[in-house]
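Using the sequences provided together with the hints, build the complete structure.
Number of protein chains: 2
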Amino acid sequence: MTLERVLDAESVAVIGASKTVTKRGYQAIRTLVDENYEGRIYPVNPKEKIILGFRCYPSINDIEGPVDIALVATPARTVPAVLEQCGQKGVAGAVILAGGFGELGEEGRKLENEVIAVARRHNVRLIGPNTSGMMNLKKNLNLVGLKNAPRGDIALLTQSGNMALTLITEAKLKSRKGFTYYVGVGNEADIRFHEYLEFFRRDPDTRAILMYVEGMRDGRKFLQQAYRTTQEKPVVLLKSGRSSTGKRSAGSHTGALAGMSEVARGAFERAGIVVIENSDELFPAAETLSSLPPMRKNRVAILADGGGHATIAADLLTDLGMQIPVLAEKTQQRLRQVLPDAASVPNPVDVAGGTDDNPAVFADCAKIILNDPNVDGLLIVGLFGGYGIRFAESLSFMEEDAAHRMGKLVAKRRKPIVLHSLFASEKPHSLDLLRYYGIPVYDSLDVACKCIGVLAQYGRYLSSYHAKTNFVLNWGQKASEEGRRIIAAALAEGRSALLEHEAKRLLRLHDVPVFQDRLAATADEAVQIAEEIGGEVVLKIVSPDILHKSDAGGVVLHISGAKKVRRAFERILKNARKYNPAADIRGVIVSPMADVGVEVIIGTKLDDQFGPVIMFGMGGVLVEILKDVAFRVLPISPTTARQMIDEIRSAPLLNGYRGQAPCDKKALRRLLLKCSELIEAYPQIVEMDLNPVIAHEKGVSIVDARILLRPEPADGHGQPGDRK
Amino acid sequence: MTLERVLDAESVAVIGASKTVTKRGYQAIRTLVDENYEGRIYPVNPKEKIILGFRCYPSINDIEGPVDIALVATPARTVPAVLEQCGQKGVAGAVILAGGFGELGEEGRKLENEVIAVARRHNVRLIGPNTSGMMNLKKNLNLVGLKNAPRGDIALLTQSGNMALTLITEAKLKSRKGFTYYVGVGNEADIRFHEYLEFFRRDPDTRAILMYVEGMRDGRKFLQQAYRTTQEKPVVLLKSGRSSTGKRSAGSHTGALAGMSEVARGAFERAGIVVIENSDELFPAAETLSSLPPMRKNRVAILADGGGHATIAADLLTDLGMQIPVLAEKTQQRLRQVLPDAASVPNPVDVAGGTDDNPAVFADCAKIILNDPNVDGLLIVGLFGGYGIRFAESLSFMEEDAAHRMGKLVAKRRKPIVLHSLFASEKPHSLDLLRYYGIPVYDSLDVACKCIGVLAQYGRYLSSYHAKTNFVLNWGQKASEEGRRIIAAALAEGRSALLEHEAKRLLRLHDVPVFQDRLAATADEAVQIAEEIGGEVVLKIVSPDILHKSDAGGVVLHISGAKKVRRAFERILKNARKYNPAADIRGVIVSPMADVGVEVIIGTKLDDQFGPVIMFGMGGVLVEILKDVAFRVLPISPTTARQMIDEIRSAPLLNGYRGQAPCDKKALRRLLLKCSELIEAYPQIVEMDLNPVIAHEKGVSIVDARILLRPEPADGHGQPGDRK
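So the sequences go chain by chain: A and B.
Numbering of the first sequence is given in the working numbering, commencing with residue 3 and proceeding in unit increments.
Numbering of the second sequence is given in the working numbering, commencing with residue 3 and proceeding in unit increments.
One thing to keep in mind: the hints can contain errors.
In this list, chains with the same sequence are indistinguishable; a pair is considered to hold if it fits within one copy or across any two.
[Stated by the list, open to error] Think about it this way: if two alpha-carbon atoms lie no more than 20 Å apart in a straight line, the pair counts; the simulated EDC-like pairs of lysine to aspartate or glutamate are:
| hint | residue 1 | residue 2 |
| --- | --- | --- |
| 1 | Lys700 | Glu40 |
| 2 | Lys149 | Glu428 |
| 3 | Lys429 | Glu395 |
| 4 | Lys429 | Glu172 |
Hints listed in this document are in silico derivations from the structure and should not be mistaken for laboratory results.
In structure tokens form, the structure reads like this:
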């Protein structure tokens, strides 16, 4: 696989090498030398003979030995020609630093496509363009220019050089952690997020993957890859570009799809990714997840040497959905034995001065607390690490003792400890010891709480893992011949929507329980169908030129009896002709009136970055004003369908609200799964709306169905990345 | 005013002074000496003669001169006797350090009450008990034991010694700011939050007030005081104890009311307080507000030297409700003149390398941007301060030049700049210079954005200030004689609720538009009333023993015609007797059927910390399942009533949703104001529920009204603090 030769390159050519100290073409070689790169270095510049003691080659093709990777430090317009030469030389990959491509709009996009074409032709993989570069810290292969990045077990993948610098600086100043690789993904012209992810999944030295994303070219492939990766190692991600200004900023910055859609967060989390909203928490979350075992459940104990921190931590952990259980009576008893009378031991545990003379009591308490079978993790908040600084130097040795003991305790019990210390920035030795054992230390209560939170979140994900979850769409597999014909016929007529009865017919072909409504061309036919249905019926106009049927006076409800059916038929036709005299009228649909029940809506659409997604919501005002809906990337599993139904805020309405009978949630789940199947079957469907769907005590009724089409994509797939 | 003598004390007696180095009674004197306290120091201990060179007095009464404040370092049980002596001596105040009072439950509360009684008798004001102490940094009066706290212009008021330590440490390590006073409020046994607030409002050296609150004894007085204070100086507050565990933790910690209610945040903000949720933002918000002018509007520009930070900042500022306007064409032109072609100038402004050779260009850009009339403040994000560190030392001088220029720019333009720097923790001189000019610097993007946010929030509050807002209830002022009689009669019968017709009568007395429904004792009377009303009527049972009328079969809707009215009357009586044979049945209410409209509900209740509050919400599922309601502390102004109606998420339903006529929001506002008046008129009302209220196109109908009572409080007031 070529990505290994690219990211683990054993030889580098620097195209655009320079003797000028301020130029990137000089700094690149300087950095490789200073950082002791283990491979061969080849400067390339027709105007120079020697740079920094290395022979300088006029062209990459003049180099005798093989070249794994080329660092292209020349301007954007020169890149196609440079890549042509790289291709002839047989390099595995090229890092294109220059901006001036897709991020600048149409003109730049053309140049970018040209570059991609050359690269594909020669099978050269590209990092960038518009990237800060890449590092392999295991081989000291540093193509970034940022020196002394700490080596460690986190792989870093970002779309912003500044965020890389931020995260690397944070690692250096505030942790004992470091990185295996850093890749500035840039415009993702060739190698995409999911390919890097797969590479890091296979890298034995990488224990966690840290990502900053502004926009993704192929969200769906990324989800599928992430889903495999997060089984083995945690992935932590911050996505920016949520706001309209953020989108604008991201678009001008990476040239990727502008920003992330509203479904992104849910989709990422379904793939097991830990999504971070707050940039202060990004590195700490990766540090914690790469260092500590995930929590089995979300039950956490708080150990504090003061009330304020404990109270704030309790609030924050509760906000994060954590439980703070009252400790077992036995645990409380043991704590009372080591703590003064004034101590509070239920949880939070407040030592009430019990550590003042001997902070090693923290380790005693930690041991007792982690022995409690109802505690999955421990958060220590307050002054630990500062006893030696604030009170007496001798206390610092006791703190160090406690650090050793707590470090070993975590390894033995396989339960995490996270520590908040007001004195973290003073860098006492005891806190360094804790970090040596993998216990992260923060001077922010918010960050410390979040880190305990992500351990529980990732643990919960791992234990609820469903092998069936999948982000791959098997296009067309379950399509029926008749379904294909219905769609083909509509497209052949140049229509971009199915008529209502066609849509319903298509749904029925896939066992979706829609009414057996039928098309009547004449009043006589309408009367006959109404009689066959029995009871009250609904009449609706059918015309490709009338989309809003009610506005056109094209719907009559609650009709029974031949005379009334006939009259309704005639009135609808008259209204429709008046509304649009040129309308192509196909007839009138006759269907039974739906029984009473709870109105819900189900819709699908194509998301820019993830392709087909499905939405579920309560009907009427709840969806229109309060936007109380759940989104998922398709396809969905039965479990996902259940979650969608249960997670909307107004879900209690379905459970038998105010003495009503509960709705048939099983039928709703089945319907969601059928919609998933349908979208997968027909890649021509761009949007489907079942609105309203009436959920009864038994079964569901689909009152109206709208299906929008597009001509089948050339490659038969609906992958959003493929359409750009 | 005695608080001055307490907080600005010119003489201190340390009761429980000690020669033992580890004891608080030694440390207290040591700290006063080390910190150069400007007043007299008197150790008190019958067993010692001299401590640290000071004469030690057997009793406080043996001291010759006057004593302003006593620091009581003796155990809880000794405090009443100690205070007795302090009282005889005529001290102005006492700081009671010991815990073991109200925070320990009933037993402790008794001791606390005893202490309060002694203090009141002698007019000794108390700080604490259960406090870390207090500091006056202007006089070096340090009664805390935490040395070297920085002096400055922020007053600090907390209920946690650890949080005080956290905030003071943060000030010292990460800012150039400091404090005028620190008070550990403790159990608030005597001096309460609002009294300190008033003291700090009047202190000319205090520019901002920083508070950490777990629970408050008198929320309403605090609001009223805060409302006056925030006109003059900003108040920043973090309240903890939101979660149930947080409440438990706070309760055991401060002995105050456990935690804060859900209405607290809204109430604080209405009083102009900047409420902080995230403890990392607490000190920075105070630093920013005490240093910079508030923003006139919420339009902010972002200046960045890299895309990632700008994108994240744009998202965060948008989340905070800020606008990031596209800069004026003239501004963009000027920026283009000083920046390279690749720069992005609309906003966010990305310098695209334009500061690499000369970071002083930041100051040029800042000047151009703050000249734009549509920009109220500037956020600079990225590497400023680190150019000299990362690239070349000479760049640091250009950064310092920029710092001087930007500092003066802020003073001249009266528009704030806040800076995010990745290199803040490296403490370059340029960042220290910025702080010298009052420009705060953070290495957290989240914190920097929040600080710009609070400047806009406080500015908006100041410009929307309404002199009419008030948190003082004028009990009974607008009561009517008949209203008093109705309530007195119900209470005299031992009832804790008004009957429906009594409640409605009371409402009508205050011009609340309730139906003219009347009580019928016989079927004949019912028929006669129904005839007078005309149209359809409703009949409802009236009995103090039947609260849930529908359950008892005591309600019949949509009746017209004498025969049907008579039948309904008889059926209701029969049902009621069957439901509860012992029920005291007063008759049957006859009222008109309400016209159609939108169902809303209005309620009032007594909040633990703030007393009477009012709630407005949409009726039915929206309030019951989605809790879509707005709360306010009473009394409310017309503006507040308008805000309540507009802020619920389902407010669009009132504005004429789906072609319906809009509801009469003016009538709803009037109704809310009338409810406010009513609660103020009758302190015996503990709860009032108007549910449902039907909002019509014109006017409102109150279908049902429930009013719960309590015997009038002894002092005639409903202040929650007075009832504890």
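Okay, the hints, checked on the actual structure:
When the C-alpha separation of lysine 700 and glutamate 40 is checked against a cutoff of 20 Å, the pair qualifies neither within a copy, at 70 Å, nor between copies, at 83 Å. Taking the shortest Cα distances, lysine 149 and glutamate 428 sit within 20 Å of each other only across copies (17 Å), while inside one copy they are farther apart (25 Å). Taking the shortest alpha-carbon separations for lysine 429 and glutamate 395, only the intra-copy value of 14 Å comes in at or below 20 Å, while the best inter-copy value is 27 Å. Both within a single protomer and between protomers do lysine 429 and glutamate 172 lie at most 20 Å apart by alpha-carbon distance, with minima of 14 Å and 15 Å respectively.
Of the numbered hints stated above, the single one contradicted by the structure is hint 1.
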